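Enquirer: Produce the entire structure from the sequences given, and follow the hints as far as they go.
2 protein chains.
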Amino acid sequence: MKHITLKDLAKQLGLSTATVSKALKNYPDVSDETKKSVQDLARELNYEPNSFALGLRSKESKIIGVIIPTMIHYFFSSVLDAIFKEAEQRNYMVIVMQSNEEYCNEKKQVDLLLNKGVDGILISLSNKTNDFKHLQKIIDYDIPLVLFDKIAKLVNCSKVFIDDKKAAYEAVSYLISKGYKRIAHFRGDLNPQNSIDRFLGYKKALEDHGITFDPSLVYLCDNNSDFSDGYSSAKQILLDHGDNVDAIFTVNDLMAIGAINYFNEKGIKIPEQIALFGFSNWFMASVITPSLSSIDQNAYQMGKKSIEILFEEILSKKSNKPFTHKKIVIDTELVIRNSC
Amino acid sequence: MKHITLKDLAKQLGLSTATVSKALKNYPDVSDETKKSVQDLARELNYEPNSFALGLRSKESKIIGVIIPTMIHYFFSSVLDAIFKEAEQRNYMVIVMQSNEEYCNEKKQVDLLLNKGVDGILISLSNKTNDFKHLQKIIDYDIPLVLFDKIAKLVNCSKVFIDDKKAAYEAVSYLISKGYKRIAHFRGDLNPQNSIDRFLGYKKALEDHGITFDPSLVYLCDNNSDFSDGYSSAKQILLDHGDNVDAIFTVNDLMAIGAINYFNEKGIKIPEQIALFGFSNWFMASVITPSLSSIDQNAYQMGKKSIEILFEEILSKKSNKPFTHKKIVIDTELVIRNSC
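Residue numbers (our numbering), protein chains in the order written: chain A, 12 to 351; chain B, 12 to 351.
Source of the hints: derived by calculation from the structure; they are not laboratory data. Accuracy of the hints is not assured; some may be wrong.
All copies of an identical chain are treated as equivalent in the list; a pair is satisfied when it fits inside any one copy or across any two copies.
[What the hints assert, rightly or not] Straight line, CA to CA, 25 Å or less: simulated PhoX-like cross-link-like pairs of lysine-lysine:
hint : residue 1 : residue 2
1    : Lys139    : Lys119
2    : Lys139    : Lys96
3    : Lys144    : Lys119
4    : Lys73     : Lys148
5    : Lys73     : Lys127
These numbers were taken from a predicted model, which means no experiment stands behind them.
Expert: Shown next, in the form of structure tokens:
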């Protein structure tokens, strides 16, 4: 008797092999009606899905896909550094793609990686991503997925991130403990979770220390060019508030460095006239004048943990063992320098 | 009659299929004796190598491999940014590997990429690479190869690079035109061509302007940690020469920034007491105090050109057209700031 293949089923039913395969695996994007007709025919012809699936499963690509928002970024370079080192130790190769902070790129890149048959995917979401169907697709295809740094809380996969709210809270509390009272915030894009959480941490620190939150001290910097956003917001804050502001907590270091450049140009003394606190602890923060206090995000550790968990899931899948998704919170650290 | 496969030949001869495949393609790393025995048997059994080879050839992976020395580097991030954008436009994916400036890593990575069947390879060589057999292997396998930035002059492939000697010559000539006479050089590793060329450009500029070259003003910084190399060499040069040195030309920006940090700490005024000139024009150079004069290497343009040429060769190969290797020199530019 001829061995029945997926193709035979597909031909008899006038469907694509992909649809037949999905129907057999009970994927959600195939209608119940189609599923029934496929499964009925498979039973009738004694199709053996297990041996097929097994064949597919053993065909490892030994490739991991990584999607990051941008390449020219100290944080992501450090994350990639860790990912490359860990992958290489396991004889895996890494395809890297950058979304350029665009959802449509990210969506397309997920499809490319799925088509290429990668063994697992790591993603740090773009600032524009607020639809997660492409992530659900990875899960539906049974490909291990780990989100890191810029994550989506509701997607059912492993996640590695920092506690942005807590880190921001600690930085602003430190400023308050040093006597600063009129503390402004240069915040990032409205969409990404880490930008929201850093803002909330800032606000909570003020409130917990009895300082009334003043919305006019929050500057939205969303031009995707952090340095010049910081520079122009520094200019604006002096126009708006004069010397009635004594510190700025920025959503990232580059924004703080933009502000420092403006203040240095204008001869405004840091930290005497205005203090600054950044976020991310880029290498640059340690070498500018004055050196910038910041929050170290432990980028290398984040990359290492992310790929370790991904490999755990790949291994579990290979040996048909259950895997429980993990949520790992990477510790952050205040790094105090001369800017406050 | 059964169709004769590579495996059949390999089995009969007690060789690996890889060796048989190479013997049939006349690869140089198989002995003449083995080649003869394989080719004789292939003739005897009517093995059809052409259809086999043809099958292999049409199987594009749509993947490009890139090997860079290090990930955490503004220059390479910018190069990769360009490579990703150009690859994506052509629906290609990019596997990135970092050699960590180690020849043995680079060699292993070339093998991994060849085994994966990538359609082309881009490499910027590690500082330790001075054996080029692994590059010759890529060429022997008929896989398009482009070397960029850190190249090997003698390898027969396309190359994209800057004229390091000319750029260094221009920077040092500029310093001389500004009245600096005792100009030191913090040079990089002895091995890489770009480090050698920058040193030669420095030396020639001095000589052409009637300044005697003083070897005691050249500091070798080869600890692979540019910032601290620059910092400690700055300390050393003051111990060795006191104020009998008025400018330093460094092989890269990070080294200059290390030196600036030391001088700032010691209250030594830049450029009044000592001037600095970097190389590479990292973003950081524009935001430190004082801002650093440097040579812009046009990293994005280098990445773009490199992958464009790679695609030209891939396309020529696909359509069986001859391809002449290219040597592209990317223009550099002096960027004058406050450090001199």
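Enquirer: Reference check for the pair Lys139 and Lys96, CA-CA at most 25 Å: within, between, both, or neither?
Expert: between (29 Å within a copy, 19 Å between copies)
Enquirer: Between copies, within a copy, both or neither: which fits Lys139 and Lys119 at Cα up to 25 Å?
Expert: within (14 Å within a copy, 38 Å between copies)
Enquirer: Check Lys73 against Lys127 for me: Cα-Cα at most 25 Å, and say if that holds within a copy, between copies, both or neither.
Expert: Classified as both: same-chain Cα gap 11 Å, cross-chain 9 Å, threshold 25 Å.
Enquirer: Within, between, both or neither: how does the pair Lys144, Lys119 come out at a Cα-Cα threshold of 25 Å?
Expert: Answer is within; shortest intra-copy Cα gap is 12 Å, inter-copy 38 Å.
Enquirer: Between the shortest in-copy and the shortest cross-copy C-alpha distance, which are at most 25 Å for Lys73 and Lys148: within, between, both, or neither?
Expert: both (20 Å within a copy, 22 Å between copies)
Of the numbered hints listed earlier, not one is contradicted by the structure.
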